[in-house]
Each structure stands twice: as C-alpha cells, then as structure tokens.
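Participant: Which chain is which? The protein sequence lines are A and B, in order.
For the first sequence, my numbering gives the first residue as 1, with consecutive numbering after it.
For the second sequence, my numbering gives the first residue as 1001, with consecutive numbering after it.
By construction, these hints were calculated from the structure, which means they are not laboratory data.
Positions of the beta carbon are idealized from the N, C-alpha and C atoms, including for glycine.
Each hint should be verified, as a subset may be incorrect.
[Said to hold, decoys possible] To give a feel for the contact side, a few chain B residues facing chain A, derived at Cβ under 8 Å:
| # | residue |
| --- | --- |
| 1 | L1048 |
| 2 | S1055 |
| 3 | A1081 |
| 4 | T1088 |
| 5 | R1116 |
| 6 | G1118 |
| 7 | P1156 |
| 8 | I1157 |
| 9 | N1247 |
[To be verified] Simulated restraints, written as ranges between beta carbons of each label pair:
| # | chain 1 | residue 1 | chain 2 | residue 2 | range |
| --- | --- | --- | --- | --- | --- |
| 10 | A | S43 | B | G1026 | 40 to 50 Å |
| 11 | B | E1306 | A | R60 | 54 to 64 Å |
| 12 | A | L320 | B | E1306 | 37 to 47 Å |
| 13 | B | H1254 | A | T312 | 30 to 40 Å |
| 14 | B | A1018 | A | T58 | 21 to 31 Å |
| 15 | B | S1305 | A | R308 | 50 to 60 Å |
| 16 | A | C231 | B | L1320 | 24 to 34 Å |
Here is what each chain is made of, one letter per residue.
There are 2 protein chains.
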Amino acid sequence: MKRVTLEEVARVAGVSRATASRVVNGASSVDESLRHAVQKAISSTGYLPNIAARSLVTRRADAIGLLLPDERRMDGDPHLASVVSGVTRVVRPLGIHLVLMMTGPGTREQAMSDLRCGRLDGVILVHTDPADPVPGQLIAAGLPVVLAGRPLKPMPITYVDVNQTAGAAMAGRRLRSLQCNRIATITGPQDTPAGQDRLAGFLAEVPDAVVVHGDFTRQSGVAAMERLIACCPEVDGVFIASDLMANGAIPVLHRSGRKVPDDVAIVGFDDSSAALTSEPELTTVRQPISDMAAEMARQLLRQISEPRTPVTSVVFEPSLVVRDSG
Amino acid sequence: MKRVTLEEVARVAGVSRATASRVVNGASSVDESLRHAVQKAISSTGYLPNIAARSLVTRRADAIGLLLPDERRMDGDPHLASVVSGVTRVVRPLGIHLVLMMTGPGTREQAMSDLRCGRLDGVILVHTDPADPVPGQLIAAGLPVVLAGRPLKPMPITYVDVNQTAGAAMAGRRLRSLQCNRIATITGPQDTPAGQDRLAGFLAEVPDAVVVHGDFTRQSGVAAMERLIACCPEVDGVFIASDLMANGAIPVLHRSGRKVPDDVAIVGFDDSSAALTSEPELTTVRQPISDMAAEMARQLLRQISEPRTPVTSVVFEPSLVVRDSG
DNA sequence: GCGGCGCGAGAGAGCGCTCTCTGGGACAGG
DNA sequence: CCTGTCCCAGAGAGCGCTCTCTCGCGCCGC
C-alpha cells in the first residue's frame, strides 16, 4: 500500500538512483546485467514513476488540452466522439493525457494559465469564435496551439482543415450530374470560414444557384427549407452545407409533398452520424474527422517538442459519399 | 518570459516564501498588510503556481479521469457532450482537470496506473463492460471510482443512475393511455442493467406486450422493427428502449405504409438528440444526463476528499417528454 | 514586574525525480 | 609499465512548492 520510489527500486536492485532512472527512461549506456536487475526490482516492487516529480524537473506536463465550444453548440454535434478518438489514438501510446475543456466563463483564460504554468503542454482549439483573442495571445506567447479549421483572418498559426471549397464543388457537380434544373443551397453561417468556403465552392460550380442562409444547426435547416420552397417551389436539387441542417430540412420537403430524391435531390456535408439518421440516408461530402484530429495531435506534439518550428497547416481532401438522398 | 516562482514573489513582497505560500492558498492568519503586499507582488510579477511542484508535495493531481467506451460504441452517442458538460460544470470552478480516456487496448490498465501513481485522483467509468474486472480492482485498491449506471452484479461501489424501471413504466402507461390494443417493445441488450430494467419496468405495466430484442444501436432498431411487423402486423404501440433504435425503427414503419403516431404510437427512451432528429419527433423518457454527470463528479470529489466514506449511490427520476410520435 | 501564553512569520526539511558532473575502471597506445 | 582516453555508474544538486517546527513578540494574569 506504501508508495514505491525510485530510491527503493535502486536499493533493491543494488544500484544508484541515477542508474535506476536511466533504466526507467530507456537511456542508453547501462550495463545489461544492471538493467536486468533494475527491471526485476521494478516489477517486484510494483514501481510506478511519480509523474509530478518528473514533471517538476522536465517541465513537461505530458498533457494537452482540447478546447471545445459549450454544450449548446456541441449538442448533437456528431464530431466530438470522432475528434476525441482521433486525438487519443496518437496521444495515448505516448502516455500523454487529453484534458477536455468546454467553453464557459473564463475557460480560455484558464487554459492559458494552465499552459503558462506548465500544467498543459499545448492546446487544440475547436470551433473557435472568430473574434476570440485567445488564439492570437497564445501564438504571441509562443505557446503550442493547433486550430481545427482555418482561422477567419489569416494568421501565423498551425491549423488542420478539410478542403471545404473542393468538397462543396463536388456536391455541385453531383447535383448537376443528376440533371437537376433548379438548384439551390442552404449555407452555413457566413462569418465562419467553413460557411464561406462551402458557399463559394458550390457557387463556383453552380453559379446560378438559389442561396438561402442557415447556420449549421438543425433548426436553421428547417427554417431555411421552408423559406426555400416558398420562394422557389420548383427547386429540384439542394446542397445543404451541413448534415444536421439537412436532417431538419428533409422532413419539411416531405411535409410539402415532395419526395427525396425523386422530386428533390439532397446533398449534405460532413458525413456525420446525422447523415445516417436522415430518411433517406444522405448523400454527403465526407470529412475525415478522426484522421484530421489525429493530425492535429501530431502537429501539436511536433510544436511541443520543437518550439519555434515553422507553422505548417495541413488540408485534407474530402470525398463524396453517395447514399439515397441524391 | 522567465518563470516566476514563489521565491521571487516573496522577495518582491519582502516576506518569506512560507508567507507567500499562505497567501496563495488562502490560509488564515496572515497579517492584512503582508497579505496585501504579497497580492500586489503576485499580480505585478504575473505569478502562477507550478502545479507539478504543488502536486508533488500535496500528493493530489487535481485531475480526474473519464473512461469511455471506444468510438464505435460511442459514435452517434448523443450523451457524450452532456456528460462532459455536466462533469465540467462541477470540476472547473475547482481547477480540477478532466482527462478523457477512450477505451482501447490497455486503457483501463493505464487508468489504473495513473491512479496509483497519483496522476489522477479518481475516475468515472461510463458504459463499463459488465465482465470488466477493473472496477472491482479499483475499489479493492480503495481508489476513488464512480460508475455511470448500476453495475450488473451488486458490488460496493458508488454509482449514479436513473430509475430505469420507473421510466419504462411511464412509457407503458403512456401507450396504454393512448388506447393501444397491441403493444410491443424493442428491448436493449439483456446483459446490461439498463436493458434489463427497461424491459422489466415495461412488462410490469404491460404484461402482455410482445417482446423483440435489440441492443440499443440504430441498426438493431431497424432489424427489430422488421421482425416485429412481420410477426405481429397488428401492432399499434411500441416502446423502444433507446431513441437511437427508435430512430432506425420509424422509417421501417413508414416503408411498410404505417403512419406514426396514427397507426403505430412510438415511445422512446433517453431524450437524446436522436429524439429530435426522428420524424416525427419522439415522445420519450428523459434522463437528466447532464445533472447525473454533475452528480457523479460530486460523488467522486467527495470520495477523493474523504476516502473510506460509505458508498452512496444516487438514482434520478426520469420524466416523460411528450412530442409527436406517441 | 515577570513569567506564561498565544499568534503570526520565518527557517528549513523534504516531496520524487532528472541530470550534470565527477570519479574510477578498462583498454589501448606509447 | 605508465599515461591518455573513453565509457559507464554514483553522488548530489536542484526543480518549486508545502508544511511543520521554531522563534519572536505582544499581551495578560498574578
């Protein structure tokens, strides 16, 4: 029940604490027989290194933070599990902890002080409010940060994103190939890069599309579709900039007597779980969220191990997943 | 850019390190003028306590773990955000970190060693495999643990749950009050307490219900409903033991030409986001997930601060949310 | 007036680990 | 055989903090 320290392991193995430490940390240059003795002592005593003590001298917390928007914005967000899982995949084998922080009053400040006092080695910022000053402060302080998604204003910060424009263009081509005559789009919020890019990418492919605005939420999808069929009843193909909005929009079409995809073809964006809970299941643009999250973790770890490394952002290519809706 | 230590704060304030420490930790018995001087020194130097150093001597990590099933089981699980948010609400103001761990090979062992080496003060276990030996080991080792949901076999462990039986009974009463004549239920997995209790509670209210088994997943809801309408076409009311299954089951009814709720009334369980993405929106039994999560955090913190305290589990009461499906 | 008591501040000993620096042994070259 | 070199183990100094213990001072009681 008593705590075992390195000192004790060393004593049992008949070596010095320094040598025991070398074995624990896999350092080179330890005589094979001594290494063996230490390893035996470790397992016989059930030794576990005290992370706080190590952290005190190495000045590494071996923990990174994941800053998320609060529950309301996150609720029903089907990405959370994938993001966590992707980050976990790269971070776990290294024994690094993933600390979750949901935005609330003072969260970002807390994250900053955790970072500065060495409690966190770096942070991943998800869905950051474009007006948020924190990312800027962090990079100004030279602290390791990675953004999920391109920042609204260009800034020297590492981010990981999917090629939103290309994805939206794929959706446009899909609808055109279905011989739709009257094509529309329900957009995301135009004060976010994702919202802007998806609209721009789509319009590049379908310049004469009818544009109705939404904000990525289900409810906004409902409202937008109601407006759309009111102002443009002959619509027969819609690119909806998030699966969640599509999920809200499709029942509106059904209620109006239109069949999906026979009367109106629908293409979504995200390939989130909402794509499968829609009826019919959504044809959608897939973002490899989990892989992107893993890449964010990798980028962050690189920044941590080699500070003052140049910012390198990576952009993933989306793909079209064809299902039943269009 | 240089790190500020307590030593330095003390020097600036013209007091000893001990006194500065007393001020930082809000200890009593510090002369008002000195306290003031220290506080000024803290803000002028921008001092932040080094958590590792503190943790080394207090033997507290000020971090708790949240052990989750892996992505596959979690995907589309609408609870994750609520759980995290509930725990965060309790834990954040105390400066305690929430460390997320998704189950993978060796996760639980890692959590155990984190706990034993003082890197984590306690853990919350979610969706634990009934056969998992870890919870037992943890309580045997006297380490703070709280379970989400009653354990399958009774064991002396603190858990937080909703009254599943009562919730299922509410669903039964609802269907009866709708004058359904032929009532059925699609169950959850019968090797989990939740699956068992929801079935038992429902049967207590509707003893002659047709029983079809599912496993809480969407796909199992599809399959179960197909079996149900095949074997019992005259069914006009179904209690489906999870919203996710209901979400899969309703389209099956639609495809068979049945209208919900006119031909078949549906009541779900969870009041997760899947309840809103169904069409029509689900009448369902609500579990206050976020509050339950907050309570788990509170129970865990209590166990941490007073070890060897008696196990006290708390059971929340569910409520029926009436929407359009039944 | 002096001893005792209480309260508040300082000194200092760790907490468990890493890592530099030193020392000693083995080997090779002169 | 002696010295220079290299390599590996041990000694020991912290990392920044908390907390006990001690000490000094002011006040009260006798």
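Participant: Give a verdict on every hint.
Facilitator: Now for the hints, and whether the structure bears them out:
1. Hint on B:L1048 holds. Least Cβ distance to chain A is approximately 4 Å, under the 8 Å limit.
2. Interface hint at B:S1055: satisfied, since its Cβ lies 4 Å from the closest Cβ of chain A, which is below the 8 Å cut-off.
3. Contact between B:A1081 and chain A, as hinted, is supported at the beta carbon level, the nearest pair being about 4 Å apart and thus within 8 Å.
4. A cut of 8 Å between beta carbons decides the hint on B:T1088: the least distance to chain A is about 5 Å, and the hint holds.
5. The beta carbon of B:R1116 comes within 6 Å of a beta carbon in chain A, closer than 8 Å, and the hint placing it at the interface holds.
6. Below 8 Å, beta-carbon pairs count as interface contacts, and B:G1118 has one with chain A at about 6 Å; its hint therefore holds.
7. Annotation: B:P1156 was flagged as interfacial toward chain A, and the flag is violated, the nearest CB pair being 19 Å apart, outside 8 Å.
8. Restraint check, B:I1157 versus chain A: the minimum CB separation of about 20 Å is more than 8 Å; hint violated.
9. Restraint check, B:N1247 versus chain A: the minimum CB separation of about 5 Å is within 8 Å; hint holds.
10. Hint check: A:S43 to B:G1026, Cβ distance near 43 Å, so the stated range 40 to 50 Å holds.
11. One distance hint, 54 to 64 Å for the beta-carbon pair B:E1306 and A:R60, is violated here, with the actual separation near 32 Å.
12. Our hint of 37 to 47 Å for A:L320 and B:E1306 is violated, since their Cβ atoms are close to 57 Å apart.
13. In this structure the supplied range 30 to 40 Å is violated for B:H1254 paired with A:T312, their Cβ-Cβ distance being about 49 Å.
14. Distance hint check: the CB atoms of B:A1018 and A:T58 are about 27 Å apart, consistent with the given range 21 to 31 Å.
15. Roughly 42 Å separates the CB atoms of B:S1305 and A:R308, a value that falls outside the hinted 50 to 60 Å.
16. Range check, A:C231 to B:L1320: about 39 Å between beta-carbon atoms, so the 24 to 34 Å window is missed.
Of the hints listed earlier, those the structure fails to meet are numbers 7, 8, 11, 12, 13, 15, 16, in rising order.
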